[in-house]
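Chain X is already provided as a structure; the job is to place chain E on it using the hints.
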Amino acid sequence: MQQAVSLARLIPLVALAGAAGALLRLLMAEFFPEQGMKFPWTTLAVNVVGSAALGLLVGVVSARPRVPGWVLPVLGTGLLGSFTTFSSVILAVMPSAPGGFFEELSAATYVSPGVVEMFSYLMISIIGCTAAAAGGLTVGRSAFGCGDHTCEESRA
Amino acid sequence: MTASLTLAVLAGVALGGAAGAVLRLLLDRLLPFGILAANTLACLALGFLFGAFSAHGGEGQEPADGIFSEPLAAVLSFGLLGALSTFATVSLRVAQLWMNDQKPRAISTWTVHVVLGFAAAAAGVLLSGWL
Chain X
1 MQQAVSLARL
11 IPLVALAGAA
21 GALLRLLMAE
31 FFPEQGMKFP
41 WTTLAVNVVG
51 SAALGLLVGV
61 VSARPRVPGW
71 VLPVLGTGLL
81 GSFTTFSSVI
91 LAVMPSAPGG
101 FFEELSAATY
111 VSPGVVEMFS
121 YLMISIIGCT
131 AAAAGGLTVG
141 RSAFGCGDHT
151 CEESRA
Chain E
1001 MTASLTLAVL
1011 AGVALGGAAG
1021 AVLRLLLDRL
1031 LPFGILAANT
1041 LACLALGFLF
1051 GAFSAHGGEG
1061 QEPADGIFSE
1071 PLAAVLSFGL
1081 LGALSTFATV
1091 SLRVAQLWMN
1101 DQKPRAISTW
1111 TVHVVLGFAA
1121 AAAGVLLSGW
1131 L
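These protein sequences, in sequence, are chains X and E.
Our numbering puts the first residue of the first sequence at 1, with every later residue one more than the last.
Our numbering puts the first residue of the second sequence at 1001, with every later residue one more than the last.
Where hints are given, some of them may not hold.
Listed next, with one range per pair, are the computed distances between beta-carbon atoms [unchecked claim]:
id, chain 1, residue 1, chain 2, residue 2, range
1, E, 1006, X, 12, 24 to 32 angstroms
2, E, 1067, X, 65, 36 to 44 angstroms
3, E, 1031, X, 127, 20 to 28 angstroms
4, E, 1030, X, 119, 31 to 39 angstroms
5, X, 35, E, 1006, 17 to 25 angstroms
6, E, 1129, X, 9, 41 to 49 angstroms
7, E, 1008, X, 144, 38 to 46 angstroms
Below are the SDA-like pairs computed for lysine to any residue, each with C-alpha atoms no more than 20 angstroms apart in a straight line [to be verified]:
id, chain 1, residue 1, chain 2, residue 2
8, E, 1103, X, 138
9, X, 38, X, 97
10, E, 1103, X, 131
11, X, 38, X, 116
12, X, 38, X, 128
13, E, 1103, X, 128
14, X, 38, X, 124
15, E, 1103, X, 127
16, X, 38, X, 123
17, X, 38, X, 120
18, E, 1103, X, 123
19, E, 1103, X, 124
20, X, 38, X, 138
21, E, 1103, X, 135
What the hints contain is simulated information worked out from the structure, not anything from laboratory work.
Note that the coordinates shown come from a computational prediction; the quantities given were computed from them, not determined experimentally.
Idealized CB from N, CA, C, for every residue including glycine.
Next up, chain E with everything else stripped away, as it sits in the complex:
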């Protein structure tokens, strides 16, 4: 996904990045598995976005009946959804578990993230096909 760096794209990614990071902070502080929730939610939404985008034209085309133009899809995927999801925090917490000899928990943390991420992304794609 790409978009030329217009001022609108930069502003959209900055705004989305701010909102995604704050939403992830709140989920992390308020829920026991907040980071997992943030990552799963982001996969669901990005699956929906990519599904809707791919179904109507795809690369470089301005879809007549599509919901998302390429710049809008790029802004959402880089800004809001890219920032809502995180790799570093999961890596860090798994590294801490591993170094504290909690290896089964370390492995299951990544496994649950990946399984739920795929399931949510697939659900998002299917959902975009129905709508």
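Bound conformation, chain X alone:
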């Protein structure tokens, strides 16, 4: 089991990693701007990659007990937690809600195709990211010789 790291020591490290995660997401949006896209591909890619990386990280850490205790909170909660976003997914879907109550929000979200597309986006995000995390976990564990459920998994 990993050594616990005090919250006071974690906070500055998580802050740094959180800043890096948010900047990375901003840069992704700059290089692949979503206005003009019919579908929020950039956010989807960010979330799938971040979820897969977190699964991989937790899988590797559970197979390698000697990994220092700060690694998971800093890279997992800080970097990848901050890199991926939930609020943008929800707000991107809002303008397409039936009834058109939130249609005006498309001024801020830019992407607002039909309700079917946006419901698909939500489901693809949820299922795709969960599957990506599961895949990352499995690869991370097995790469270090840790079969199903034989390693103790830390909470991330």
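Same frame as chain X, now just chain E:
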């Protein structure tokens, strides 16, 4: 939401990202459903922000009576609120539940996140209309 990458925007997103991540860490450590609280709070605030932004001009305009200019709205949505909310942690925990044969809990975790996220975002939008 976009903003040109000025030094001020980069600094604002970095600062907001740091604060959002630390706030989420603290919520996760101190509350039983801390990640759910972080995501719901971020949806409420982002609903308010987008509602206020859209109501006063929208894309590229400098609203005369709006609370948020486009760079400020972009900095808050990418920095503080984007970092406060997370997709990866929820995906990971649901994946762990699913792989441990706790499928009903896995499905209800995502369902609760989405339902509360929509409700909070809608509340934020409505709130921005009243103020």
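Consistency of the hints with the structure:
1. E:1006 - X:12: 24 to 32 angstroms: With Cβ atoms ~26 angstroms apart, the hint holds.
2. E:1067 - X:65: 36 to 44 angstroms: violated, 50 angstroms
3. E:1031 - X:127: 20 to 28 angstroms: holds, 27 angstroms
4. E:1030 - X:119: 31 to 39 angstroms: holds, 34 angstroms
5. X:35 - E:1006: 17 to 25 angstroms: Holds, since residue 35 of chain X and residue 1006 of chain E (Cβ atoms, about 19 angstroms apart) stay within the stated range.
6. E:1129 - X:9: 41 to 49 angstroms: Between residue 1129 of chain E and residue 9 of chain X, where Cβ atoms are some 44 angstroms apart, the hint holds.
7. E:1008 - X:144: 38 to 46 angstroms: The hinted range 38 to 46 angstroms holds for residue 1008 of chain E and residue 144 of chain X, with Cβ atoms some 44 angstroms apart.
8. E:1103 - X:138: Answer holds: residue 1103 of chain E to residue 138 of chain X is near 17 angstroms, not above 20 angstroms.
9. X:38 - X:97: holds, 16 angstroms
10. E:1103 - X:131: holds, 13 angstroms
11. X:38 - X:116: holds, 12 angstroms
12. X:38 - X:128: Holds, at roughly 19 angstroms.
13. E:1103 - X:128: holds, 16 angstroms
14. X:38 - X:124: holds, 15 angstroms
15. E:1103 - X:127: Since the Cα atoms of residue 1103 of chain E and residue 127 of chain X sit roughly 13 angstroms apart, the hinted pair holds (cutoff 20 angstroms).
16. X:38 - X:123: holds, 16 angstroms
17. X:38 - X:120: Since the Cα atoms of residue 38 of chain X and residue 120 of chain X sit roughly 13 angstroms apart, the hinted pair holds (cutoff 20 angstroms).
18. E:1103 - X:123: holds, 17 angstroms
19. E:1103 - X:124: holds, 18 angstroms
20. X:38 - X:138: violated, 33 angstroms
21. E:1103 - X:135: Given pair residue 1103 of chain E, residue 135 of chain X holds - Cα atoms ~17 angstroms apart, limit 20 angstroms.
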